[in-house]
Structures are given as structure tokens and as C-alpha cells.
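Here is what each chain is made of, one letter per residue.
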Amino acid sequence: MAETESYPPIDPTNFDLIVVGTGLPESIIAAAASTAGKTVLHLDPNPFYGSHYSSLTLQDLVSFLNSHSEIPKTNSLQSDDTTIVDVNTRPLYSDVEISSYDDSLEEHSRKFNLDLCGPRVLFCADLSVNLLLQSTANQYVEFKNIDASYVGDGNGNLMNVPDSKSAVFKDKTLEYSEKNQLNSFFKLVQGHLEAVKSVDVVIDAEKIISDDDLESPFVGFLDKMKLPPKIKSIILYAIAMVDYDQDAGESCKDILKTREGIDRLGLYHSSVGRFPNALGSLIYPIYGQGELPQAFCRRAAVKGCLYVLRMPVISILLNKDSGNYRGVKLVSGQELSSDKLVMDPSFTITSSKCLQNISKLARGICITKSSLKPDISNCLVIYPPRSLYPDQATSIRILQLGSNLAVCPSGMFVFYISVVCDDALEGKKSLHAAIDGLFSVHTDQTDSNELKPTLLWSALYIQDLIEGSVGPVVTTPTPDGNLNYNNLLDATSMLFKKLYPDDEFFPETSNTDSSDKLEDDSEVVLDS
Amino acid sequence: MGCSSSLPDRSPGRVGGLNPDNGGDSDAKNLRVKLVLLGDSGVGKSCIVLRFVRGQFDPTSKVTVGASFLSQTIALQDSTTVKFEIWDTAGQERYAALAPLYYRGAAVGVIVYDITNPDSFHKAQYWVKELQKHGSPDIVLALVGNKADLQEKREVSVQAGIEYAEKNGMFFIETSAKTADNINQLFEEIAKRLPRPSPS
Amino acid sequence: MHGRPRKSATPVDENASALKAAKIRSLQTQFLQNHHNNIYTKEALELNAKLLETNPEYMTAWNYRKLAFEHNLISQSDAEKADSDHIKSIIDEELRVVENALRTNFKSYGAWHHRKWVVSKGNSSTERELKLLNMFQKQDTRNFHAWNYRRFIAGLKNISDEKELQYTTDMINDNFSNYSAWHNRSVLLSNLLEKKAEGYFPKETFLTEEYEFVRNAVFTDPDDQSGWFYHLWLLDQTVKVDMPVMVSSWPPCDSDINLPVASEVKFPVVLYFNEPVEGISSHTVIVQIEDDVFKDITWSPLSTNKFGCGQAWVTHLSIPHEKFNFSKIYEVKIKSEDSRGITSLSGVPCSRPWSFAFRVSVKDVQPDEGQSFGRIMLTDESFCTIDTNLNKTNLLKSYFELKTSDDDQITSSKWKLEMIDNEIAHYRELLTWADCKIGKLTLARLLMAYDSMTSSATPIAHVEEVLQLYSELMKLDTPHQQYYKDEYSLVLLKQVTSSMESLLKHCWQYKSTPSSITGSICLRLNSLSLSRIGSIERLLWVQSLDLSHNQLHSIEGLEALQLLSCLNLSHNKLASFTALDPLRFLKSLKVLNVSHNEIGSHTIDTRRYQCSSPMSHTIDYDPKFEEFANGDAKLVNFWEAYTVFGGLNLMQLDIVGNVAVDERFVSFLVKLLHGLKWLDGEELH
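Residue numbers (full-length UniProt numbering), protein chains in the order written: chain A, 1 to 528; chain B, 1 to 200; chain C, 1 to 685.
It should be emphasised that the hints constitute simulated quantities derived from the structure, not laboratory data. Think of the CB as a built atom: it goes at the ideal place given N, C-alpha and C, for glycine as much as any other residue. Hints may be right or wrong, so weigh each one.
[What the hints assert, rightly or not] To give a feel for the contact side, a few chain B residues facing chain A, derived at Cβ under 10 Å:
1. Lys167
2. Phe171
3. Phe172
[Stated by the list, open to error] Here are the computed lysine-lysine pairs in the DSSO-like style, where the Cα-Cα straight-line distance is at most 30 Å:
4. Lys29(B) - Lys42(C)
5. Lys133(B) - Lys111(A)
6. Lys116(C) - Lys50(C)
7. Lys295(C) - Lys333(C)
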């Protein structure tokens, strides 16, 4: 099978839905459609699961980035009743820049599970965790805590993010007055969120933040609450995870409203303690983010979805008269028909020229042999706007992961960096600023007494941001620039609703399916 | 899912599966292990599990659909218990599309072939290699010749099975999910071979 | 506790719950049968376990298990006895049943108790207990059952207090809103201090760190009370004098008293301590008049609510008739050379010897008795300002004379002052950005603690600030207004009694012709909004006291004023006869005004409310009352009044304007108080 280069014939040849690409949105759609009773064929031209959401070995990562940065061409042929349109690979990555300072890394290539879409984490109370639980895909993945998060400045200092009541209590750097202000603000937000949910309108009215405030910029609300700049910055960039400089006024591309800011704080805080064994609010899947699409694919398979990897789709069959989608032609020459088709965003049947002015993301992956903090394995670092250089317009986020997450050989650490940007130049500038701030470069022996980790390897690349779309075929979104999957999952469930307006997206009953899990029920769940 | 031999160490800060009741950890007396089934489509992997877990045999079942994993606990002579979490391929083996996730933390790999189908015996070699690639180094491997009730149609000799198993450090047994022959023995033998966590 | 309700029952359809009830009933019937017939078979125990799993609070079922456990251990064969595995399996089974019961309800007293009982039998793994505890304490970090059990296991396993202290640190770091963890911390630190463990003795080595630790909690969330309780404990540790000290007396040290003599020379001696003590007797305290040591002296505690102990102790000394001589001045010495027999309620002995002396002279006066007793008026017009040159005030002076503290105390108070001063600065800062009650209350206490340690040098430096804080608290936190009012009163009294000068401002004398009562100074603390009485140690000399027009709801403390002969409590908020209980000890009391209070307005006395029945009240039921009531069923309702007034020898009483006072009551009083001359302004014949 794997050894044979021939492509196996697929049986049956007619499906309700064909999904091409096994990225997270595609996998979730495949699982949701299978759960809803559709017959689904899930294909991927790659020999691995996950597409742009996968975790790859060092070698595979490099070749994947390179192969997805070439410019394709489009052809279309006509026959009696069918228009055959070639499927092209759209280059999602550009300006790929690989630097290696240590050749020994290649030997360990297979011990790496490097995320293409990093840095990314799950908030214990976010949509992705809910979806994992709801779909029961949580059974296949294990997680660990992100132990700490820090805010960095231009001088190489990393300050703990006091992100919860207990973190504020424990913090050693805040003044007592700052502790009080920060916690009072947390309480204000919590009071508001509880009051909004509560039925007792009269009693809770005074705790509710006014609509005027909710619709105004969050940064203004923080000023109104008399929070000092340091605290403001922590709340905006290290807890609410805002991208753009909120103090830039008119020129800011995306001003966060108080309502959204409060919700983000609420999400962060409800994440703390959601699971008794998770200490902070952030968790990361062992073996990498690539486990998540695999989990949903297994979920789909359990519900009857058929899986074929290493199977490119070369063209799409459209009805000549209506232009409607009819089926696909595989690289093997076999033609398959289905009602619907979902493709990952690197496949396109339109000319790539019509996609201009798309937003971009700069991503970086770095490998070192030491941690930023001696006793911390997994942590998040935020460089708020203007913290590294004066015209730094956006927040830069870095995620450090250690080998206890099985993403690298023991004794090494992997760093993911991302920043939203207008163009490659700006993006690369931010990446380099962060890298300079965090690491020392191997060749530079002069300041060897610096405690910064030495950079062994890095990959920097610019990724196009493409949103999901519905046409003759449904295209799923590329990984976005956020730290969690919330926006992507919202978009994915919207796509599913457009595909199957009458079907529920993972109905609640699916996890009480008795055949699913025959756990003995002698274990009684304690109050939590 | 809390398998004793899963790769990353059980260091503090491990959240594990997103279950509120993560109380099923292994200890010296009560093992909890992940067992993965491998083998070609149609060799009777699911039938073996269903026979073991539910005591059923359904010859009409074709492709495995519907179950993520089943679990069954057996008690050994020395009053220890072993809880098997048995993962079936869910059909992903059909086009060789099993995900690495499937192998993560498996303490036991059971490779099944059909004694009436020499091709399935050959494929067993492929699955052993896959396990060696993705599985943990101390995984317990079992080679199972199923459909032993169909002696008249046998095309893979017992000797061939034994030889292959010995060569690859595997434990070998022939079973019949239909008649339940050797099904319980299979799991008991596996349980005996499991490495025990040293009591801390 | 603390707002963590038990999991409420999920709504189930009625059939299911009826089925469940039937099941429990049937289990219960079978179980009780087994219990009565002493059946302890495996099956019977399994049935019992099922019952306990559904109803972990069924004490009888736990008791049955204990009986079964012992029965099965005794009845086993010799072979089994030798087999420790067998015993272990019995214990394991018990622990398993408890664990299941706890999973149903981890707040079940019965289940936790049974576990303790089983584990204390030995033979079981305390490792496992700690593992279980960690699980339960993770589920509900504040569960006090689990914390209690943790202390039990830590004791059983000899886990070091240091290690357990680290555990509380971890738990508090996780969530500092955990009263149980803070409490356990205080218990552990007390242990370490007591053991004089390295790093924890003397106190100042850990107090600084602890203040900082808890400051982080209070300042992060000033509305959270759990850390604040701990701060109170720390403050107490800082300020507390480690042992009982005799702080005041009547007669005062080195004073001269002049006694009127009638048939005998008898006078009270009162010892007043910094805290309630026990063990005052002729063994621990030696009384000597001239060279005669008095052997048969009985000391009694002056306390309304505790037996055998009190902050004040009294004895009555008399100079034997044959000995007294009008021209003679008698030297009286009271000393406690080996005072270790005197201990605080927590058992700390008063380890420093003390003594004091005073002189008694005798004057010959005609006794009042037999003469007509004119009504003593207690209105403002009856008083005039005092002539400070009067030698009457000499006695007061003794209470304000500087007592030199020994060096030891001075060095220890230096770090104490620094520590408290530092805390004061922090809490003042807290109040600049948070208008919070805990901050204010803590600051008030810190300031008072500071003043109490410096009182000799700069008395009452912060009283005005403290009074201001309490006034603000009364407005800010109305539910606890009464408490703040009480504290306010105590501080105010501290201020009034802080110096001779300030006290003299409240001293008056009667305009009328001097008698044994009107001849003395009257201390007038009227119209000060007092709700409680304090600073008793500076008032032991008082014979005539006016507390009218205050808001007193309690007069606790007055029992120590043994010289009191005239007391005005009119226009206060005294709500019951039991509130007047301290009066019972004032055997010299002749004139009492309790008019215009609220006596009888509360049907239930709040102090007594905590007792299960009137019989458990601290006042012994006086069998003489039966005799007195003589079967009059109506009088039975006045037994409380009887206990208060029965032993007094009042001559003038004003009690009008109270709910409880009606015609029947008045006639009861007249019957009870034989010597009464004036009742509510009416002369009695």
C-alpha cells in the first residue's frame, strides 16, 4: 500500500460530501457532516494529516513551506456536458527564510513536531475546547498547561503577567496599589459578566457596565477606570490579546470595543480552573497542534468517513450548463461524484491574480537548547506595540514549548512567533526584533556571558490570510493570526451551516451515544 | 487518556484528556493501558474486540463504524486488575491512512491477520513496521491469526505465524472470534506481559 | 462552608425518586435486622455499604460497621490472625466504603469520623490517605472536614509542621480566599513557635514575612475576609503579652485607705489581670497584715459567664476585732512569689512574681443604719464640680503612677513597635486608594495596638484617628454597626481614663450633705453614646458611677467595681434582666437606677440564646426561689430578676420605664428587697 506508488481505486464513487485537505476546519466539517449522517470522503494530497494546521518534522516543515510558495497556472477543458477545471495549488507562504546554526539538528528531524500555524494555544473555556468535548474528540488528545506568561520590554526584561487573582497575589513586581487596581478591575468585569447573566435585574443593575461604555473603545474604558499604563498594557495585550496599538488613535486598524474586551477577559478568567488539573488558563496539546485535526478526523472515521491520504485532486467537474459542481477527478484518473465539495484554501480553481491585497502574517519558528526562564518549560511572551521599537504597530506573541510536550527532542525548546503585518518587510522586521530581543545568535561569541538562549535554527515566513468562502465549492479559512482558534471555529461552523442548513453542528446527543464509550459508570464525578 | 506508557513523562502540569474526572490513573495494582488493533480490513479486528468486551459475534458487521474505543477490565491471579482501552482502526487502515495519533501512548499493539488469507499475513509485516515507527519502544506486541475456526480454509500455517512472531519479539496466538476460542487467553497473556510501574 | 453548597439533587422524575426511596427503605429494614441480631457476615456488610453509599449521614450504620469491624477482628481464626494481609483487607474494605460515601457527600461527618476511627487502628497506608486528601482538597480547597482530617493524618504520620506549612502556602498561592488554609497556617505556626523550632522562634523571625504574605492578600482583594482573619491573628501574636499579668488592684499599690468602722473592719481586695485567669487561692497569693499571714482566705472570680476563672478576683479581708486600734495604720501586703499556679485560660502560667502593699487606717463613724435614708437625687443639678485639692482624689493618683517596665519588655517592644508602625504605614496607604472596611478596621486595631505599647510615653496618640475610623465604619458597614459602636466605646473610655486630668473632668461631687454614699466622688460618664464598658483597671476605686443616657446593652465588667454603692444606668438599652447579671456581684450597691431601659423588650436574651436550655445558664438555679415563690405560678417568670436582685441589699431603686415592669413586678420587688426605702421615687413604709 504505502510502498506501492500506484493509487488505489476508491470505492464507493459517490458521496454526499468530498473534503480535500485535512486542516482543522476541513476535519471539523468532515466530522460534523459524518455525525449528521452524511457519506463523506476525506482526501489529502499530503502523506500526513493536518494540511496548514499540521505539526511536522523539521525536514517536512521546510519542504512543505517551500513547495507551497511556488506560483501555479490554471487550465480548463470542456467536454460534452462537463467543464473540467484544473485545481491549482495557491502559494500561501512567501519569503521563506531558513537559517541553521547547528547541523546536528537535522539528525533529530523526526523528533520534532513543528506547528505550521504557531503560536497557538487553547483557552480552557474557549470554543475549541467546547467543541472537543461536544464532539467527544477530546478522548484522543492530551494537554499540558502553559506554565506562565510574560510581557517583554526592549531591555530584555520579561515581567510576569498577573492574569488572575492568585497571580496578582503571588506577583513580586507589582506595587500594592497596582495589585489592588488590577484585581478590582478583574472583579468589576466579573461582576458585570455575572450580572448580565443573572435574572435578578434589580439587584445587579448597578454592577452592569453601561451600554455607552460597552460600545466605546476598551482602551478609553481602562483610562476611565484610572488604570496606569503598565496595567492597561497587561490587560490589553497580554490578557485580551489585542493585535494593534490601541493608543494609536485614528490610525489604529482595529480598535477593540469594551464589550469585546470584557468578553475576552471573561474567557480568560473562566478558563482558569475550568479543569481541576489545569493550573492556568492556557493549554497546549501534547505532540503539537497537529493532533487536533487528527482527532476530528478519527472522530469522522468513527462515524463512517472514508480516509485517503496521498491522493491529489487534479480537477473539478462542473455542470456545463449550470456551472454547478458535480465531482472531482483524482490524480489516479478516477472520477468521483458528490453533492458538495470542501477544499482547503491552498487549492484554487480561479486564477490567483484575482486575489490581491490580502492581509499577511509573519510567522517564525526558532529552536534553542535553553529556556527563557530556567525553571519554566512552556510559556507565552508578549511584546506589546512600541515595546521593542518605536514604530512597532502590532503586538508580537511568542510561545515557548519544551520537550515535555513532545514537540522536540529533550533538552531543546521550540519557539513560535507571529505578528500581523501589512507586508513582508514590516513583518520580518518585527520577527527579527523579537528574535534579537530573546536570543543570542550562535556565531556571535562576543557577549557569551549573556543569559539569552542561543539560536540554533529558525524558519521565518510570511503567510497569506484567506477567509473561508462559499462558491461552487466551499473554501475553508487559512490559519489566522490569533492565539486561539475561536474565530476560525466560528467561521467553520458558519461554513457548515451554509453547507447543511438543516443539520445541527455536533448535536449535544452525540456524546451520549452509548456505543461510543463503554466506560464503567462506577466512577462518580465529584463536585467541581 | 492516561495510559501508563504514553510517551511524555507524567510530570506536574499535565492536564491529560479534557475530562473532569481524570481519576483513572494507573497504579501498581490497577493498570490502565491503551491497546491498538492493527491489520488489514476484514481480518476480524472488531470481532475480536466485540467478543472480548461484550461476548458478541456478529458475522454481518463489515466496516467498523461507531465506536471510538471500548474498554474492558480483567483481573489477574495476583489480584491486580488491567483495564484495556481498546482502540479500533475505525476504517482508517483501509487506505493506509492511520493517523500518528492512533499510536500515541499505546502500551499494546495487536496485529491481526486472517489464517485463510495469506495477503493479510503479508500486510501484517507492514503494520509491524508502522508500529515500530510510531509506537513507543517498550510496546507489547501480539500477532494474532484469527478465523481459526476455518481450519479447512487455512492458508497460513501455525508455524509461519510462530516464526514471524519470534523474529519480531512478538507473542503469538490463533483465535476465533466466532467460537470465542483463545479470545480471553489472548488478553490475559497480554496482561501478564505488561511492564508494571514500580510502586512509588 | 463558605458558600459552597452541597450539590443539589438533580431533578429526577417522581417514579425514579419513589423507587429510590423504596430501595433505601428496604435496605434500611434489612440492615436494622442485621444490626439487632448482631449479624456481621460479608453479605450483611455489603448491604450496609450500599446503604451508606446512598445515605452517608446514617450514624447508626457507621456504628454498626465499627461493631462489625471489631467483631470480625476478634472472631477470626488464629491462622488469619497471623496473616496481616487479612487484617489489612478488612481495613481496606472499610476505607473503600468511606471513600464511596465521601464521593456521595464529602461533607459527611459520619464518614470522616469513621475514617479517622479506622485509620487510628493502624495498619493502613497514610500515603493513601494523603493522596485521597489531595484529591478532596483539590475539589473543594476550603472543605474544613478535609483540613481537619489532614491535621489528624499529619499528626499520625509525624509529618513535620514545616512541610504542612508549605502545603498551606501552596494552597494559599493557588487561591488565597481560603479561610481553612489561613487558619491551618496559624495553627502550624503556633505549634512551631511553641516548639521553638528553628526559624520560627523568637516570633519576630517569621512575623515580618507573614505580615508581608498576608498583606498581598488583603491589598489584592480588600473585600476578602479570609486573609484579614489571619492578619488579626498576627497582630494578636505581635501585641500579646505572653502570660497573664496583674495589672491593677483595689486598693491600689502603695495607697492609704481609710475605713469607717462599724462592728467590724472588713474591706474587699480586688486583683485585676490583663486576661481571665484561674488558680488564685491562698496558695498562690499570700495576704499579710502586719506580720500575720492570713491562711484561710477565699478568693472568688468576678465573672458572669465562666466558672473558676475571671479577669478580676476578690476576697474580703477583715482585721480581727481584738486587734484593731484607731490610731494604728495597718500595713497590708499581697504577694505572689511563686505565681506559676496562676494560669491563663490557655494554660500559660504567670511566671513572674509580683507583690504590692497598701496601708489601712480606721476611723470611727456612726453607722447609717437606723437613721432615716433620704432619697439620693442623681440628676445633673445634684452635682457640682470637684475640688481637685481634696484628698479624695489621692486614691485616683495611684492608678496613674508610672510603672517602670523591665528591660526585657522594652527590647521586645522595640521590634513590635517597628513592625506595627510598618503595618500602619501600609494600611494608611491602602485607605488612600480603597475605601474599604477591612482596611479601616485593621488600621484602627493597629493604631490601638501601637498606643497600648507606647502608652507610658505618649498616651493615646492616635485615639482621635481611631474614633474617626470607627465612626466611618458605623456608616460604611451598617450590618456590623453594633460591633463598631462597642469598639468606639472602648476606645473612648481608654481616652477618658488615659490620664488623671482627663478622668478628673468626669469626676463630680454631690451637693447634698455627705453620707456614706454622697460623700464619695461620683464618676459621671453619662451621655457619651457608650454601648459597652471598658478600662475597668483604672476604675476600681469608683463608688458612685453615672452611666445614664448612653446606649449600653451590656454592663459586663462592672462586676469588678466592688466599691460601687451608687449606680445610675437609666436611659440605656439594657434589654433583659440577664444583662444586669454583673450587678449580682456588687454587694455594696445601695442605690440603683435602671429606669428607662428596654428590660423585657426582648423575649429571648441573646446571650442565653446560645444555650440549649435555661438550665444550662451559668447562673445556678437558686432553690430558695421555690421557697420564695411559694407556688405562685406568676412569680416563676421573675426568676431571672430574683437571681440578680435577690442577693443585693438595695435601699433605693428606680426601675420605671421598662417593659417588664408592671404592678405585679413591683410588688414582687417590694417583697424581695426588704431593705428598700425608695422605689421609683416613692418612699416605702
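Each hint, compared with the structure:
Taking 10 Å as the C-beta contact cut-off toward chain A, the hint placing Lys167(B) at the interface is violated, the least distance being around 20 Å. Interface restraint check: Phe171(B) against chain A, minimum CB-CB distance 25 Å, threshold 10 Å, status violated. Annotation: interface hint on Phe172(B) violated; nearest CB of chain A at approximately 24 Å, more than 10 Å. Straight-line distance between C-alpha atoms of Lys29(B) and Lys42(C) comes to about 23 Å, which keeps the hinted pair within the 30 Å bound.
A hinted pair counts as satisfied when its Cα atoms are at most 30 Å apart, and Lys133(B) with Lys111(A) qualifies at roughly 12 Å. Of the pairs offered as hints, the one joining Lys116(C) and Lys50(C) holds, with about 20 Å between alpha carbons and a cut-off of 30 Å not exceeded. With a CA separation close to 13 Å, the supplied pair Lys295(C) and Lys333(C) stays within the 30 Å bound.
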